[in-house]
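Colleague: Chains A and B are the protein sequences, given in the same order. Taken in order, the first sequence gives residues 1 to 279; the numbers are from my numbering. Taken in order, the second sequence gives residues 1 to 177; the numbers are from my numbering.
Just so you know, these hints were derived from the structure itself, not from any lab. Positions of the beta carbon are idealized from the N, C-alpha and C atoms, including for glycine. A few of these clues could be false.
As the list claims (entries may be wrong) - The calculated label-pair distances, taken between Cβ atoms and stated as ranges, are:
id: 1; chain 1: A; residue 1: A165; chain 2: B; residue 2: V140; range: 40 to 48 angstroms
id: 2; chain 1: A; residue 1: A23; chain 2: B; residue 2: S43; range: 24 to 32 angstroms
id: 3; chain 1: B; residue 1: N65; chain 2: A; residue 2: I230; range: 37 to 45 angstroms
id: 4; chain 1: A; residue 1: P17; chain 2: B; residue 2: A61; range: 16 to 24 angstroms
id: 5; chain 1: B; residue 1: I5; chain 2: A; residue 2: S188; range: 26 to 34 angstroms
Claimed, not checked - Covered stretches of chain B, as calculated for chain A (at least 3 residues, CB under 8 angstroms):
id: 6; region: 23 to 33
id: 7; region: 58 to 71
Spelled out, the chains give:
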Amino acid sequence: MNTPENRARVHLLGRLPEDERDAADRMLITDPAYFDALSAEEQLLVEQYVSGELSARDRRDLEEQAKLRSDLRELIVLERISRRMTVGPVRTDTGWSRMLLPLAASIALAAVGTSIYFGGELIGQKRLLADREHAWQLRDAGQKARIAQMEAQARIPEVPRPMLAVGASFFVEPYTLGSSDEPRFGVSNGSGRVELQFSIGPENRFAEYRISIQTESGSPVTEVLAKPQIVRGRYRVVAATVPADLAQGQHFEATVAGIAPGKRDERLARYAFILAPKP
Amino acid sequence: MSPSILSEFEKLRPRLVRFFQMKGCPEDRAEDLAQETLYRVWSKYNSSAEPSVVGSAFADAVAHNVIHEWWREQQRMRPLDPEQPEPRDPRPGVLSELIEGPELAEKLALFRRCCDRLKPIHLRLFERYHQAPTAQAREVLAGELDISIEDLRARISYITRKIRRCLKVPLVPGRVT
């Protein structure tokens, strides 16, 4: 049976032939129902993957897709975190809430009964929702306490890590479309940190900037907020540091965006560079 | 631009982002490309004032062009030097090491902060969904909410993606200058 769910599952597992896959991708734009079906099926697949309920073939195909799609990898990690944060005995409420919850339920039932009695079914439903909301609020305190407890259990004793010294600083010009020379920065040893000074030009006058650095495949390396500074007496830059041991000949990309209060970040420039060990 | 047209644009945005992700774009790039697509559709709409331009079929055609341009750009950016080692993804495969890694406590704290930013009704739905221990329990939850299990999963997927966008924070501590 070729339901939208089946098609979405096959699509997500990368089993559609190339031409069908292209058509299915485009259906995400043109067919809202298919977009919803794919979202639901992806959620189910991720849950089944994390629970170990997928067949060996599905598991292998999903992992192949996860290698290609960073968002899918992140969804898998997030599903695991969600389970850690929320799975467990639900009733860790205090004595007060144990007494209040049945009371709230009784009120909800009474509200339903009253509304039905007066023929106000819609009003009754609204009250029921409000009472459910109230019951949920009562449970919140217990849940937050439980989350805090799980966080405390998961927390590894923090060993203060001294910020390593900056071993080298590099000046990075914005990437220009069509340019073939990508700067290659040699880092002399694998310890310490490397400072990257991104040139932002004199025309950008934001008070603060967001610097995002990622690998070529799009995996985030770091994201920091930085204030502009002047280097070499004339260049306006914003700087971020990364561990020197990232210098393995790998290609990196960075973006700098201006931050304006109450507005979306304004992306200003892209940068591309290679960090490599110095021979 | 009328509110109805704006609303159409906002409905298109998540669908475009998902389209670009399925084509292999990293998420922030997918958002950029979705924005570029919407901008082109908007420009066309402004110049021609044809309501049909706002339709998803036109956006589909524009997105098709945008993704091909992006692919060509990727080809140009590929290092030509055969000696150059292939870039490695620091987070390959299943990523189980991320969840077990030393930064778990940090992730949990961030996760909680992002959850606190959700609408209360979304937060409760998300919690209840993940508290349901089995698929059957989730179906019961969907029944309680009077929606299908597929609708419930689609809503959870939407909430999860909201949390994920919020979680775009430093994985490696960087110096704030």
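Colleague: Give me the numbers of the hints this structure contradicts, sorted from smallest to largest.
Modeller: Going through the list in order, the structure violates hints 1 and 5 and respects the others.
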